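Chemist: Please take these sequences and the hints and turn them into a complete structure.
Residue numbers (our numbering), protein chains in the order written: chain G, 1 to 131; chain S, 1 to 131; chain B, 1 to 131; chain Z, 1 to 131.
Since the hints were made in silico from the structure, they are not lab data. Each hint should be verified, as a subset may be incorrect.
Claimed, not checked - With beta-carbon atoms standing in for the labels, derived distance ranges:
#, chain 1, residue 1, chain 2, residue 2, range
1, S, S115, Z, E18, 31 to 41 Å
2, Z, G87, G, S8, 43 to 53 Å
3, B, G103, Z, E117, 53 to 63 Å
4, S, Q63, G, G21, 54 to 64 Å
5, Z, R128, S, Q63, 39 to 49 Å
6, B, W34, S, P75, 53 to 63 Å
7, Z, T71, G, G77, 27 to 37 Å
8, S, S115, Z, E117, 44 to 54 Å
9, G, G77, B, D102, 23 to 33 Å
10, S, A79, B, T71, 44 to 54 Å
11, G, L20, Z, T71, 30 to 40 Å
12, S, E18, G, G43, 49 to 59 Å
13, Z, D76, S, S115, 35 to 45 Å
14, G, S115, S, M105, 23 to 33 Å
For clarity, every value in this text was computed on a predicted model and none was experimentally measured. No residue lacks a Cβ here, since even glycine has one placed at the ideal position from N, Cα and C.
There are 4 protein chains.
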Amino acid sequence: MQLSHAMSLLDAARSKAEHLGVRVSISIVDAAAWPMAFIRMDGCPLGAIEVSHKKARTAVLFQMDSADFATIAHPDGAAYSLENTNGGLTSFGGGVVLMGPDGTMLGAIGVSGASTEDDIAIARAATRPAG
Amino acid sequence: MQLSHAMSLLDAARSKAEHLGVRVSISIVDAAAWPMAFIRMDGCPLGAIEVSHKKARTAVLFQMDSADFATIAHPDGAAYSLENTNGGLTSFGGGVVLMGPDGTMLGAIGVSGASTEDDIAIARAATRPAG
Amino acid sequence: MQLSHAMSLLDAARSKAEHLGVRVSISIVDAAAWPMAFIRMDGCPLGAIEVSHKKARTAVLFQMDSADFATIAHPDGAAYSLENTNGGLTSFGGGVVLMGPDGTMLGAIGVSGASTEDDIAIARAATRPAG
Amino acid sequence: MQLSHAMSLLDAARSKAEHLGVRVSISIVDAAAWPMAFIRMDGCPLGAIEVSHKKARTAVLFQMDSADFATIAHPDGAAYSLENTNGGLTSFGGGVVLMGPDGTMLGAIGVSGASTEDDIAIARAATRPAG
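Modeler: So, in structure tokens, the structure goes:
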């Protein structure tokens, strides 16, 4: 994935957030979990900065959306304590894997600052553009 | 335990993983929890690297398989919060203690990247060679 | 400082980097040292990601460019070990303070990935737009 | 780079170490600095385990051998404090970049446990096989 792609994802996510009337942080990481691009919208809670990054990181490291990771990395899940590895991961939604046309993982987007439902909707708006 | 022994454990674990058609990270640590050998199979999720090490570390530090550790180091267990000591430990299966012929602990193997069931089977394939 | 301002600084810095033919990471932080926006240009060394952030953070935390911070936070400077505070700071150039028209500090920009000379030139191209 | 390649590098490095009569730790990381394979030779000092990893990581993150990194990331160098970024890097030799036939960086090898001179010789024996 190149920076131009990451920037278009940021733009799409920000548009969705504005449409929903919420203020979020948005992080894009590559397939090895290294940061590519990031923005914090005006008024976004400061705590959401790191969360947006950890959501994207979680999605890449385990090749699944953070909402799915949450079902296993939880006291009631099959792999409780997994959320405490790799510097701390995120067991709720808002981190979404980016897949290429050929099914390879390109990276991930992480969104934080709104409700989890809205965070997920914003991430998906970026990763699943209207056809 | 010597490196040659650790390498043979890695080979046995990798063979089992290939037989199961899964891609895992495999860590061998000595009886003092220091890393001896490690491999990450092609295609293994990146998050599994650290997890394989923590599983082996957990097994050595408490002299029990991580699946047994999970029953006590859990919000519902007798020693909740134990999993948050020693830099973070692993409360699910895939870390297996290596015992010598005389019953002394030689170290441990940790496997991560597949289902917990498969991770355990891979670790046991290495530690309990066919007779 | 608002996100729109931070994005224009990113654009100006990226243009300068492209003009110089170098590939850098660029971080913008606000006056409280919290990240506002970030990009990593294609081909930038991965180690520069964190460095760009630490340069911007250093500039804000001590209200001076990181090149000036370097003269005091150094084994030969007046405040050796200062560079080891606040999670680790940066004792070389590329972090530049952003000042408002009224002389208040708005935040900082950090650039890393090229030579220190180029990193500084890129940061200044963003903070001192042609009149 | 695939695991089979990393394993052949480990073997070549170990052979060189045995030839020199020294005991080292050897780490291979991919182009994004994620661990691929690791061994600790019998008798290697325990402190060398992490050092071998940090040498390889340093080489990848700044796309240069750690011996070259040392000339800039040093109190007398152009970028003092750079060695304290990215979780701590290594300002002496023994981390060597692995380049592919087409000039792209494949990853790096890090060797620690002997003299720096020997560590470098071992890393180079792996990365520059006899023709």
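Chemist: Evaluate each hint against the coordinates.
Modeler: For each hint, the structure was consulted:
| no. | hint | result |
| --- | --- | --- |
| 1 | S115/S with E18/Z: 31 to 41 Å | holds, 39 Å |
| 2 | G87/Z with S8/G: 43 to 53 Å | violated, 31 Å |
| 3 | G103/B with E117/Z: 53 to 63 Å | holds, 55 Å |
| 4 | Q63/S with G21/G: 54 to 64 Å | holds, 55 Å |
| 5 | R128/Z with Q63/S: 39 to 49 Å | holds, 44 Å |
| 6 | W34/B with P75/S: 53 to 63 Å | violated, 33 Å |
| 7 | T71/Z with G77/G: 27 to 37 Å | violated, 49 Å |
| 8 | S115/S with E117/Z: 44 to 54 Å | holds, 47 Å |
| 9 | G77/G with D102/B: 23 to 33 Å | violated, 53 Å |
| 10 | A79/S with T71/B: 44 to 54 Å | holds, 52 Å |
| 11 | L20/G with T71/Z: 30 to 40 Å | violated, 51 Å |
| 12 | E18/S with G43/G: 49 to 59 Å | holds, 52 Å |
| 13 | D76/Z with S115/S: 35 to 45 Å | violated, 53 Å |
| 14 | S115/G with M105/S: 23 to 33 Å | violated, 49 Å |
Hints 2, 6, 7, 9, 11, 13 and 14, counting from the list given before, are not met by this structure.
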